[in-house]
Amino acid sequence: MQRYPMTPQGHAALEAELKQLKSVDRPRITASIAEAREHGDLKENAEYHAAREQQGFCEARIRDIEAKLGGAQVIDPTTLPKDGRVIFGVSVVIENMDTEEEKQYKIVGDDEADFKAGKISVNSPIARGLIGKSEGDEARIETPKGVVEYEIMKVIYD
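Take our numbering: the final residue in the sequence shown is number 217, and no numbers are missing along the way.
Bear in mind the hints are in silico, worked out from the structure with no lab data behind them.
From a predicted model like this one, the values you see are computed outputs, not experimental measurements.
Wrong hints could be hidden among the right ones.
No farther apart than 27 Å at their CA atoms in a straight line, the calculated lysine-lysine pairs in the DSS-like style are these [stated by the list, open to error]:
#	residue 1	residue 2
1	Lys192	Lys178
2	Lys162	Lys178
3	Lys127	Lys78
4	Lys192	Lys204
5	Lys78	Lys102
6	Lys141	Lys213
7	Lys127	Lys81
8	Lys162	Lys204
9	Lys178	Lys141
10	Lys204	Lys127
Please model the complete structure; the sequences and the hints are all you need to start from.
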(Lines of atoms letter the chains of each structure in order from A; the text may use other names.)
(Lines give C-alpha, C1' and ligand atoms only; values in the text may rest on other atoms or scores of the structure.)
Protein backbone atom coordinates (compact mmCIF):
# COMPACT_ATOMS: atom_id res chain seq x y z
CA MET A 60 0.00 0.00 0.00
CA GLN A 61 1.35 3.39 -0.96
CA ARG A 62 1.81 5.87 1.88
CA TYR A 63 0.99 9.55 1.40
CA PRO A 64 2.79 11.85 3.85
CA MET A 65 0.73 14.88 4.82
CA THR A 66 0.48 17.46 7.53
CA PRO A 67 -2.55 17.53 9.84
CA GLN A 68 -3.76 20.63 7.93
CA GLY A 69 -3.43 18.82 4.59
CA HIS A 70 -5.33 15.82 5.96
CA ALA A 71 -8.13 18.07 7.21
CA ALA A 72 -8.30 19.87 3.84
CA LEU A 73 -8.67 16.56 1.96
CA GLU A 74 -11.39 15.42 4.37
CA ALA A 75 -13.24 18.72 3.85
CA GLU A 76 -12.95 18.40 0.06
CA LEU A 77 -14.25 14.83 0.20
CA LYS A 78 -17.21 15.91 2.33
CA GLN A 79 -17.96 18.74 -0.15
CA LEU A 80 -17.79 16.37 -3.12
CA LYS A 81 -20.02 13.74 -1.53
CA SER A 82 -22.61 15.92 0.19
CA VAL A 83 -22.88 18.91 -2.17
CA ASP A 84 -21.33 18.34 -5.59
CA ARG A 85 -22.45 14.73 -6.19
CA PRO A 86 -26.16 15.42 -5.42
CA ARG A 87 -26.06 18.61 -7.53
CA ILE A 88 -24.61 16.71 -10.50
CA THR A 89 -27.13 13.89 -10.08
CA ALA A 90 -29.94 16.46 -10.14
CA SER A 91 -28.45 18.04 -13.28
CA ILE A 92 -28.38 14.65 -15.00
CA ALA A 93 -32.00 13.96 -14.04
CA GLU A 94 -33.06 17.39 -15.31
CA ALA A 95 -31.16 16.94 -18.59
CA ARG A 96 -32.78 13.53 -19.12
CA GLU A 97 -36.19 15.15 -19.00
CA HIS A 98 -35.29 17.21 -22.07
CA GLY A 99 -35.61 14.17 -24.30
CA ASP A 100 -33.17 12.66 -26.81
CA LEU A 101 -29.90 11.96 -24.97
CA LYS A 102 -27.81 11.65 -28.15
CA GLU A 103 -28.04 15.35 -28.93
CA ASN A 104 -28.45 16.63 -25.36
CA ALA A 105 -25.35 18.74 -24.56
CA GLU A 106 -26.51 19.42 -20.99
CA TYR A 107 -26.75 15.70 -20.32
CA HIS A 108 -23.28 14.97 -21.73
CA ALA A 109 -21.76 17.87 -19.77
CA ALA A 110 -23.37 16.67 -16.54
CA ARG A 111 -22.16 13.09 -17.15
CA GLU A 112 -18.64 14.40 -17.74
CA GLN A 113 -18.82 16.38 -14.49
CA GLN A 114 -20.01 13.25 -12.74
CA GLY A 115 -17.00 11.32 -14.06
CA PHE A 116 -14.58 13.97 -12.79
CA CYS A 117 -16.31 14.12 -9.42
CA GLU A 118 -16.31 10.34 -8.92
CA ALA A 119 -12.65 10.09 -9.99
CA ARG A 120 -11.65 12.80 -7.49
CA ILE A 121 -13.64 11.07 -4.73
CA ARG A 122 -11.79 7.79 -5.42
CA ASP A 123 -8.44 9.63 -5.51
CA ILE A 124 -9.05 11.38 -2.18
CA GLU A 125 -10.34 8.20 -0.52
CA ALA A 126 -7.20 6.34 -1.64
CA LYS A 127 -4.95 9.10 -0.32
CA LEU A 128 -6.78 9.30 3.00
CA GLY A 129 -6.65 5.52 3.28
CA GLY A 130 -2.87 5.59 2.83
CA ALA A 131 -2.33 8.83 4.75
CA GLN A 132 0.71 9.11 6.96
CA VAL A 133 -0.09 12.21 9.01
CA ILE A 134 3.07 13.80 10.37
CA ASP A 135 2.77 16.61 12.90
CA PRO A 136 6.12 18.44 13.04
CA THR A 137 5.23 20.05 16.38
CA THR A 138 5.49 16.63 18.04
CA LEU A 139 8.93 15.83 16.62
CA PRO A 140 12.26 16.56 18.32
CA LYS A 141 13.37 20.09 17.52
CA ASP A 142 16.99 19.40 16.69
CA GLY A 143 17.41 21.89 13.83
CA ARG A 144 17.17 19.25 11.08
CA VAL A 145 15.04 19.74 7.99
CA ILE A 146 12.27 17.13 7.95
CA PHE A 147 8.77 16.78 6.51
CA GLY A 148 6.34 19.40 7.78
CA VAL A 149 8.84 22.05 8.87
CA SER A 150 9.33 25.52 7.47
CA VAL A 151 12.86 26.34 6.41
CA VAL A 152 14.48 29.69 5.70
CA ILE A 153 17.20 29.40 3.07
CA GLU A 154 19.58 31.94 1.60
CA ASN A 155 20.86 31.81 -1.95
CA MET A 156 24.61 32.01 -1.48
CA ASP A 157 25.15 33.91 -4.77
CA THR A 158 22.38 36.52 -4.52
CA GLU A 159 21.96 36.53 -0.69
CA GLU A 160 18.19 36.35 -1.29
CA GLU A 161 16.26 34.66 1.51
CA LYS A 162 13.20 32.50 0.97
CA GLN A 163 11.00 30.52 3.32
CA TYR A 164 9.35 27.25 2.33
CA LYS A 165 7.17 24.77 4.19
CA ILE A 166 7.75 21.14 3.18
CA VAL A 167 4.37 19.45 2.73
CA GLY A 168 2.69 16.53 0.94
CA ASP A 169 2.06 16.52 -2.80
CA ASP A 170 -1.61 17.58 -2.50
CA GLU A 171 -0.78 20.48 -0.20
CA ALA A 172 1.98 22.00 -2.34
CA ASP A 173 1.42 25.59 -3.46
CA PHE A 174 4.65 27.24 -4.56
CA LYS A 175 3.15 30.75 -4.57
CA ALA A 176 2.11 30.26 -0.93
CA GLY A 177 5.59 28.99 -0.01
CA LYS A 178 4.53 25.34 0.33
CA ILE A 179 6.71 22.87 -1.58
CA SER A 180 6.17 19.17 -2.11
CA VAL A 181 8.37 16.77 -0.19
CA ASN A 182 9.15 15.25 -3.60
CA SER A 183 10.34 18.54 -5.16
CA PRO A 184 14.04 18.97 -5.97
CA ILE A 185 14.39 21.76 -3.40
CA ALA A 186 12.84 19.71 -0.58
CA ARG A 187 14.82 16.59 -1.49
CA GLY A 188 18.01 18.66 -1.38
CA LEU A 189 17.17 20.12 2.03
CA ILE A 190 15.78 17.12 3.93
CA GLY A 191 18.22 15.72 6.47
CA LYS A 192 20.37 18.85 6.59
CA SER A 193 20.58 21.12 9.63
CA GLU A 194 20.68 24.84 10.35
CA GLY A 195 23.95 26.27 9.06
CA ASP A 196 24.44 23.51 6.46
CA GLU A 197 24.81 24.23 2.78
CA ALA A 198 22.70 22.49 0.15
CA ARG A 199 23.40 22.23 -3.56
CA ILE A 200 20.09 22.08 -5.44
CA GLU A 201 19.80 21.15 -9.12
CA THR A 202 17.42 23.60 -10.82
CA PRO A 203 16.49 24.12 -14.48
CA LYS A 204 18.94 27.04 -14.52
CA GLY A 205 21.75 24.91 -13.05
CA VAL A 206 23.06 24.14 -9.58
CA VAL A 207 22.18 26.69 -6.90
CA GLU A 208 23.82 26.71 -3.48
CA TYR A 209 21.73 27.59 -0.45
CA GLU A 210 22.57 27.97 3.22
CA ILE A 211 19.95 26.81 5.72
CA MET A 212 19.39 29.80 7.97
CA LYS A 213 16.56 28.57 10.17
CA VAL A 214 14.32 25.53 10.66
CA ILE A 215 10.87 26.27 12.10
CA TYR A 216 8.76 23.43 13.58
CA ASP A 217 5.31 24.95 13.06
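Hint by hint, here is what the structure shows:
1. Lys192 - Lys178: holds (18 Å)
2. Lys162 - Lys178: Satisfied, since the Cα-Cα distance of roughly 11 Å is no more than 27 Å.
3. Lys127 - Lys78: Status holds; Cα separation ~14 Å.
4. Lys192 - Lys204: holds (23 Å)
5. Lys78 - Lys102: violated (33 Å)
6. Lys141 - Lys213: The given pair, whose Cα atoms are some 12 Å apart, holds under the 27 Å limit.
7. Lys127 - Lys81: Distance of about 16 Å is within 27 Å: holds.
8. Lys162 - Lys204: The hint holds at about 17 Å.
9. Lys178 - Lys141: holds (20 Å)
10. Lys204 - Lys127: violated (33 Å)
Hint violations for this structure: numbers 5 and 10, all remaining hints satisfied.
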